[in-house]
Amino acid sequence: MKNRNNVIEIESLTKEFDGLVAVDHISLSVKEGEVFGFLGPNGAGKTTAVKMLCTILTPTSGSAKVCGYDIIRQRDKVRECIGIVFQDRAIDTFLTGKENLDFHARMYHLDRSTRERRITEVLDLLDLRGKEKMKISECSAGTQRRFEVARGFLNHPRVLFLDEPTLGLDVQSRRNLWDYIKLLNEKEGVTIILTTHYMEEADYLCHRVAIIDHGRIVAVDTPEKLKQTVGSNLISLQIGEGSSGSPADFLKHISWVKKVEARDGWLELSVEGGEERIPELINFADSHGLVISAIKFYEPSLEDTFLHYTGKTIREEEGSLKELWKSWMRRTGGKR
Amino acid sequence: MRALEMQRIIDPLPIYTMWLRELKRFWRVKARVVGSILMPLLFLVFLGLPMSFASRIPSLEGVGYLDFLAPGIVAMTLLFGGTMSGASVIWDKEFGFLKEVLVAPVSRFSVILGRSLGGITIATIQALVIIGIAVAMGVELSGPSGLFLALLIMILTCAIFTGFGLIIAAKLGNMEGFVAIMNLIVFPIFFLSGAFFPVQSMPAWLRYIMHINPLTYGVDGLRATLIGAHVAAFPLWLDFTVLVILCLALATSGAYFFSKMEAD
Chain F
1 MKNRNNVIEI
11 ESLTKEFDGL
21 VAVDHISLSV
31 KEGEVFGFLG
41 PNGAGKTTAV
51 KMLCTILTPT
61 SGSAKVCGYD
71 IIRQRDKVRE
81 CIGIVFQDRA
91 IDTFLTGKEN
101 LDFHARMYHL
111 DRSTRERRIT
121 EVLDLLDLRG
131 KEKMKISECS
141 AGTQRRFEVA
151 RGFLNHPRVL
161 FLDEPTLGLD
171 VQSRRNLWDY
181 IKLLNEKEGV
191 TIILTTHYME
201 EADYLCHRVA
211 IIDHGRIVAV
221 DTPEKLKQTV
231 GSNLISLQIG
241 EGSSGSPADF
251 LKHISWVKKV
261 EARDGWLELS
271 VEGGEERIPE
281 LINFADSHGL
291 VISAIKFYEP
301 SLEDTFLHYT
311 GKTIREEEGS
321 LKELWKSWMR
331 RTGGKR
Chain C
1 MRALEMQRII
11 DPLPIYTMWL
21 RELKRFWRVK
31 ARVVGSILMP
41 LLFLVFLGLP
51 MSFASRIPSL
61 EGVGYLDFLA
71 PGIVAMTLLF
81 GGTMSGASVI
91 WDKEFGFLKE
101 VLVAPVSRFS
111 VILGRSLGGI
121 TIATIQALVI
131 IGIAVAMGVE
141 LSGPSGLFLA
151 LLIMILTCAI
161 FTGFGLIIAA
171 KLGNMEGFVA
181 IMNLIVFPIF
191 FLSGAFFPVQ
201 SMPAWLRYIM
211 HINPLTYGVD
221 GLRATLIGAH
231 VAAFPLWLDF
241 TVLVILCLAL
251 ATSGAYFFSK
261 MEAD
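In order, the protein sequences belong to chains F and C.
The first sequence begins at 1 in our numbering and counts up by one.
The second sequence begins at 1 in our numbering and counts up by one.
One or more of the hints may lead you astray.
[What the hints assert, rightly or not] Sample of chain F residues at the chain C side, in silico, Cβ under 10 Å: (1) 57; (2) 89; (3) 92; (4) 111; (5) 127.
[Said to hold, decoys possible] EDC-like, lysine to aspartate or glutamate: derived pairs with alpha carbons at most 20 Å apart: (6) F:98 to C:22; (7) C:30 to F:9; (8) C:24 to F:9; (9) C:30 to F:138; (10) C:260 to F:138; (11) F:31 to F:9; (12) F:133 to C:262; (13) C:24 to F:16; (14) F:135 to C:22.
[Unchecked claim] Covered stretches of chain F, going by a simulated chain C footprint (3 or more residues, C-beta under 8 Å): (15) 44–56; (16) 141–147; (17) 272–281.
Simulated from the structure, these hints should not be mistaken for laboratory data.
Predicted, not measured: the structure shown is a model, and the values here were computed from it.
Where a beta carbon is used, it is the ideal one built from N, C-alpha and C, also for glycine.
With the sequences and hints as input, model every part of the structure.
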């Protein structure tokens, strides 16, 4: 990620709704080609932040530049260089996938030959060939979502915004979509900004993650470093029979072992450093006449990190009546 | 520079795209296509025909009731089609599609112009189908020049109510109470437009109400152009003037309200 230009620069961006501060003076920058995640519970302000960057919402104060253009004064310029996949479905269910893509391409002023070429490209890229003539209402939720990602990517954006891209998808479709998102980033070099409240999503996809809570950014770093700040990794071992002495006492003397606890026949070691400690531990055991019969390595999860920074686990959204109504209407296809 | 800005405000490709989407959406739901023709047809068959057997209109010597009613039913199609086309922005908003449209690098004026032109095209085609059905039922048209003028009146009338629908949509903001409010506003406009009975034979108080109803001038203009000036209550130039002024006022404010609408 070194020596690349900042594609997004946010300075003290703030949004208030009737006195409620949804986004509270956030500042950060994102480099070209990065996959950057906003991780936080529902209502933390992730979506509001992204909506301001996409020029849908006007900030109360502060400023931001996307692709070098000001999000308030140069809206159209910003809009031309970004692609967006919204949290709620925003695709015409009465039209086919191809028609939706075609609609989008025309709205972005792509000429006929570019349109046809790009549509073919994104259909291939997201494996949607053969489904483009189906009405969106007849596609599965995962396929609908893939069409939306394809559409967001159609106008060759420099930055692609994905707002909770896998919300409501089953595990299989979620995994699939993750791989497509990775592919877009790796193959086409597009910068991706995503919001999520799924830890594993942020961990799997993002180069850097901003943990956001109550409108504030509480930490920004790579998932690995964020996890390390929480504390040490954990190694569990079982010592085989025929070992001499008290293994726990030996192990305590290693400089990078911070704590040793015995639990259910396993020895649990809090260690500084990562997996490279495993061979060191085995060498140490060999030289002290210990036989290790089983060994496990644990990393703290991003969930632990989140807990560390915010004092709580990510809250699940309660289904309000309006949400239920909306999801019901969505299922029935929004007839008018 | 100036020309460039104009091209931004009136952006041909997105306008065409929005127009095309409206047509495709309409055509794809066959129930809507059938339904849009069925209701006017019911009025013509079950109201127009029996009434034409029952009586003549006293103040209009020699005009059959079906001839009198048909332009009113055509206007009804435009009223319902136009209002729904404008108000259905609420649907787009509720189902998120409005966001997709509003974040495109396209002026809101072009978006709403294309969308409304789509609605007007659909309603006008429906109206022409109704005219065809009326002719098949024995209604005599005045001639081709009358039909051409009628086409202008149809477009104006539909544009007026599209703007009106947009204002309702923007004011309402969501779908709650939508159907109730639509019926509460649209049906009185229809019933008090002179579609069923002649304005000139009503008592003064009712006449005043009818005179401030925009649809009255649409119905009257259609009557004058489709059937003949002798059936109309006002001179044709008056119908045209009122419709053009209302069209400018309502379409402009509709577009204005749309431009102020929040995407979600």
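Hint check results:
1. 57: holds (9 Å)
2. 89: holds (6 Å)
3. 92: Result: holds, 6 Å to nearest chain C Cβ.
4. 111: Hint holds; residue 111 of chain F Cβ to chain C Cβ min 9 Å, cut 10 Å.
5. 127: Where the cut-off is 10 Å and the nearest Cβ of chain C is about 22 Å from residue 127 of chain F, the hint is violated.
6. F:98 to C:22: holds (16 Å)
7. C:30 to F:9: violated (49 Å)
8. C:24 to F:9: Not satisfied, since the Cα-Cα distance of roughly 41 Å exceeds 20 Å.
9. C:30 to F:138: It holds: about 17 Å lies between the C-alpha atoms, which stays within 20 Å.
10. C:260 to F:138: violated (34 Å)
11. F:31 to F:9: holds (9 Å)
12. F:133 to C:262: violated (32 Å)
13. C:24 to F:16: Violated - the C-alpha atoms of residue 16 of chain F and residue 24 of chain C are around 40 Å apart, more than 20 Å.
14. F:135 to C:22: Since the Cα atoms of residue 135 of chain F and residue 22 of chain C sit roughly 16 Å apart, the hinted pair holds (cutoff 20 Å).
15. 44–56: holds (count 3)
16. 141–147: With 0 residues close enough to chain C, the hint is violated.
17. 272–281: With 0 residues closer than 8 Å to chain C, the stretch 272–281 of chain F misses the three-residue bar; violated.
Consistency with the previously given hints fails for numbers 5, 7, 8, 10, 12, 13, 16 and 17, ordered from lowest to highest.
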